[in-house]
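Undergrad: Whole structure, please, built from the sequences with the hints as guidance.
Protein chains in written order, with this note's numbering: chain W, 149 to 412; chain L, 149 to 412.
Treat the hints with care, since some could be wrong.
Because identical chains share one entry, a pair is satisfied inside a single copy or across any pair of copies.
[What the hints assert, rightly or not] Here are the simulated lysine-lysine pairs, DSS-like style, with alpha carbons at most 27 Å apart: (1) K176 / K209; (2) K236 / K176; (3) K327 / K378.
Since the hints were derived computationally from the structure, they do not count as laboratory data. For clarity, every value in this text was computed on a predicted model and none was experimentally measured.
Protein chains: 2
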Amino acid sequence: MRILLTNDDGIYAPGIKALRQVLEKEEKYELTVVAPDREKSATGHGITVHRPLRAFDITFKNSKVRGVSVDGTPADCVKLAVEALLDKPPDLVLSGINSGPNLGTDVLYSGTVSAAIEAMINGIPAIAISMGSFAFEDEEYLRAAEIFARLLPRILEHPWPRDTILNINIPNVPLEEIKGIAITRLGVRKYINVFEERKDPRGLSYYWLSGEAVNYENGQDTDTAALARKEISITPLHFDLTNYHYLNELKTWVKALEEALATG
Amino acid sequence: MRILLTNDDGIYAPGIKALRQVLEKEEKYELTVVAPDREKSATGHGITVHRPLRAFDITFKNSKVRGVSVDGTPADCVKLAVEALLDKPPDLVLSGINSGPNLGTDVLYSGTVSAAIEAMINGIPAIAISMGSFAFEDEEYLRAAEIFARLLPRILEHPWPRDTILNINIPNVPLEEIKGIAITRLGVRKYINVFEERKDPRGLSYYWLSGEAVNYENGQDTDTAALARKEISITPLHFDLTNYHYLNELKTWVKALEEALATG
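TA: What follows is the structure, encoded as structure tokens:
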């Protein structure tokens, strides 16, 4: 099984390193790493269209895995790997392990999730993997990678729909403290005190994005609630933003809008 | 009614200029423009977290509308306007008019759509407006803005759900050639021949993203089909990527996954 690893924390980040180190122990996985040359968090589903991309082969210490460092976004990395760098498309894309959670509304901003969505758009099954809380030590990532490696063979036994990725958040605790696995929907997260205004030495304003996440919608079936219970959260995400529930009601507007168009 | 205008083509782009010029003729609209200082297409839902943002007031020729130029993404502009620049939140955010279509899968990459989604996350109704085909002349944008201005009062008579934005694509033709208004779902667009590899003067590769859009899923109820029929397409988009149809099936995996977790 050919697996493409990518992330949004950069090719040398501890999360993707742990994932590679744990998975390359298994002969059944043939890994390639194609990831951004630097941190690319919060890039959303950005792609690079106004300048060309560069891709450089790198080697990892004590590893035979091929690594390619790209000066682009996570979505660029997947697109470039699939279209130009790899001889044939991978069977699976894994994006992560991200250094913090990707929950609720925040997945829209997530480079980790966008790489997985880009894979899906290209017809390749994909999983985004994130730490349930911010992690700093290699050991934290390694234990999360080992937890994920236990789940992966079972996940692969169940093919999931081609329009769907799995968004997994793993509590940042030892295996024995994990309370179970929850299949969840996205909750709603918002931020308070979002911008901090400061003055530069010339007296001009600049604005730092800051603020604290608040989980607004904490139904027990949400990803945010599962993480709070120390459960591994798995959310199926698709890329069709159409609000189907509202389509029919919106259709009742058409007559009035067509009249407005005609009469001004 | 206080309206915030933004876009992803930059504050001096013809699309946002046309929208401002047409809407500022109406006394009932109080406009503010907060938009990127340069082109920011294909930034997806990126936000700027690793450096502070700058915001500079600008003036528009023959206009009393306040303009603020921001060195960030479209989503940054909305966030900054709502949280820091405006005395109180706007009643409506309009994002556009984008210089080309925002249809199907492409909305994931769209800065225009992401600005509207950011408004929605902040609780503000929002509409993304795009030209149905690439436009180059001020006159093309002006006629699209005038078409939109005809529709806006009627749209505002129907409050739409707070978790939904309207994604509007206007055919780039004169009013009399427009065939009607279609309420649509997103189609699927993919690209062929995506990267072009070139060699630099030193013999090293670089990759240009290129390729041609192909509409794969052309059901008559899709946005891509409506545009092909020269209809104005209106698609309700929400920001919850959860694939609800698949949630219950995924729940049948839990037992096997919890066993894998326990046994390795």
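Undergrad: Which of the listed hints are broken here?
TA: none
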